[in-house]
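Asker: Sequence:
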Amino acid sequence: NVAVLISQDTTFIIDLNNESHPNILDRQFNEKERYEVIVSDLTYVRVGNNWNYICILLDLHNREVVGYSCGKNKNAKLVYDAFAKVKTNLKNICIFHTDRGSEFKNYLLDDLLKEFQIKRSLSDKGCPYDNAVAEAQFKIIKTEFVRSRRFENLEHLKAELIAYVYWFNNKRIHGSLGYKSPVEFRQSLSENLSRKVLPIQMIGLAGSEDIPANGKWWCAENRLGKVIHLFEDYSFFENVFLHFLFLPIII
Numbered sequence: 050n051v052a053v054l055i056s057q058d059t060t061f062i063i064d065l066n067n068e069s070h071p072n073i074l075d076r077q078f079n080e081k082e083r084y085e086v087i088v089s090d091l092t093y094v095r096v097g098n099n100w101n102y103i104c105i106l107l108d109l110h111n112r113e114v115v116g117y118s119c120g121k122n123k124n125a126k127l128v129y130d131a132f133a134k135v136k137t138n139l140k141n142i143c144i145f146h147t148d149r150g151s152e153f154k155n156y157l158l159d160d161l162l163k164e165f166q167i168k169r170s171l172s173d174k175g176c177p178y179d180n181a182v183a184e185a186q187f188k189i190i191k192t193e194f195v196r197s198r199r200f201e202n203l204e205h206l207k208a209e210l211i212a213y214v215y216w217f218n219n220k221r222i223h224g225s226l227g228y229k230s231p232v233e234f235r236q237s238l239s240e241n242l243s244r245k246v247l248p249i250q251m252i253g254l255a256g257s258e259d260i261p262a263n264g265k266w267w268c269a270e271n272r273l274g275k276v277i278h279l280f281e282d283y284s285f286f287e288n289v290f291l292h293f294l295f296l297p298i299i300i
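Quick note on our numbering: the sequence shown kicks off at 50 and runs consecutively.
Derived by calculation from the structure, the hints in this document are not laboratory data. Every residue, glycine too, gets a C-beta built ideally from N, C-alpha and C. Treat the hints loosely; a few may be bogus.
Unchecked claim - Now the in silico label distances, taken between C-beta atoms and shown as ranges:
{"#": "1", "residue 1": "TYR215", "residue 2": "LEU238", "range": "35 to 43 Å"}
{"#": "2", "residue 1": "LYS174", "residue 2": "GLU201", "range": "34 to 42 Å"}
{"#": "3", "residue 1": "ASP159", "residue 2": "THR192", "range": "28 to 36 Å"}
{"#": "4", "residue 1": "GLN236", "residue 2": "ASN98", "range": "36 to 44 Å"}
{"#": "5", "residue 1": "TYR178", "residue 2": "ASN141", "range": "23 to 31 Å"}
{"#": "6", "residue 1": "ALA185", "residue 2": "ASN241", "range": "23 to 31 Å"}
What the hints assert, rightly or not - When the alpha-carbon atoms are kept at most 30 Å apart in a straight line, the in silico DSS-like pairs for lysine-lysine are as follows:
{"#": "7", "residue 1": "LYS134", "residue 2": "LYS229"}
{"#": "8", "residue 1": "LYS140", "residue 2": "LYS163"}
{"#": "9", "residue 1": "LYS229", "residue 2": "LYS140"}
{"#": "10", "residue 1": "LYS174", "residue 2": "LYS81"}
{"#": "11", "residue 1": "LYS81", "residue 2": "LYS121"}
{"#": "12", "residue 1": "LYS81", "residue 2": "LYS136"}
{"#": "13", "residue 1": "LYS123", "residue 2": "LYS174"}
From just these sequences and the hints, can you work out the full model?
Answerer: If you want it as structure tokens, here you go:
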């Protein structure tokens, strides 16, 4: 992949395959935190009698499409527009991984990654397996979205892409997610975390037998039942202190 940048006086040829960014991801696709690693790729779509393009940003945490865009040109602006769709502070993204395509090398995109302190990770030269999740995602998109529809114009493509991304995130089940949709999988992780919070009835000072070996008070929220929540981490003496700290709030 070679990009040619032309100024008034000089033509610069950049060999993108020789970019110095390492492969930070190193094919470690699983067990990622939310927004820890975003992978991306582009594919072409027939719109009327012309080729248009789709860009997808995929969160490895739960295979959720967190950003997307479509347009007439396969370039960095398409990737930039996909980032604009992400519904979080971009500083929450740790790593952005792609192949070495020329559409991912542009000052517009470089400035965005620098501004939000997102680390750049590139696949090794000529190795599609380094971006296997994104590659697999686009095989799904081509099968489910591209081949089954006819797009009259770009606006039609945009509307259909919005609907497809919603369906993909909220309805489509994935074997790698325990046959849950990306959103359902993410919500189930939050529910599992919340189940670690143990309620105890507050009657006077809770005895040491009521407190697990690793205990940590959480916020009192049920005034009627006078319940405080026990979370893991604090010692018994810290629990006693926090018990009296939250007592006026509950009563």
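Asker: Within 23 to 31 Å or not, the Cβ separation of ALA185 and ASN241?
Answerer: At roughly 26 Å between Cβ atoms, ASN241 and ALA185 fall inside 23 to 31 Å, so the hint holds.
Asker: Starting from LYS140, check that the Cα of LYS163 is at most 30 Å away, please.
Answerer: The hint holds at about 10 Å.
Asker: Keeping to a limit of 30 Å between CA atoms, is the pair of LYS123 and LYS174 held or broken?
Answerer: This hinted pair holds, its Cα atoms lying about 20 Å apart.
Asker: Within 36 to 44 Å or not, the Cβ separation of GLN236 and ASN98?
Answerer: Cβ of GLN236 to Cβ of ASN98: about 43 Å, so the range 36 to 44 Å holds.
Asker: CA of LYS81 to CA of LYS136, is that 30 Å or under?
Answerer: Roughly 18 Å separates the two Cα atoms, so the pair holds.
Asker: Is LYS81 close enough to LYS121, meaning Cα to Cα at most 30 Å?
Answerer: violated (33 Å)
Asker: Is it true that TYR215 and LEU238 lie within 35 to 43 Å of each other by Cβ?
Answerer: Because 20 Å falls outside the window, the suggested range is violated.
Asker: Just to be careful, I want the Cα atoms of LYS229 and LYS140 compared with a cutoff of 30 Å; is the pair within it?
Answerer: holds (28 Å)
Asker: Checking one constraint from the list: CA of LYS134 to CA of LYS229, max 30 Å. Satisfied?
Answerer: holds (23 Å)
Asker: Within 23 to 31 Å: is that where the Cβ-Cβ distance between TYR178 and ASN141 falls?
Answerer: Between TYR178 and ASN141, where Cβ atoms are some 27 Å apart, the hint holds.
Asker: Evaluate the given range 34 to 42 Å for the C-beta pair formed by LYS174 and GLU201.
Answerer: Holds, since LYS174 and GLU201 (Cβ atoms, about 39 Å apart) stay within the stated range.
Asker: Is the straight-line distance between the alpha-carbon of LYS174 and that of LYS81 30 Å or less?
Answerer: holds (24 Å)
Violated hints, listed in ascending order, are 1, 11; each of the other numbered hints is respected by the structure.
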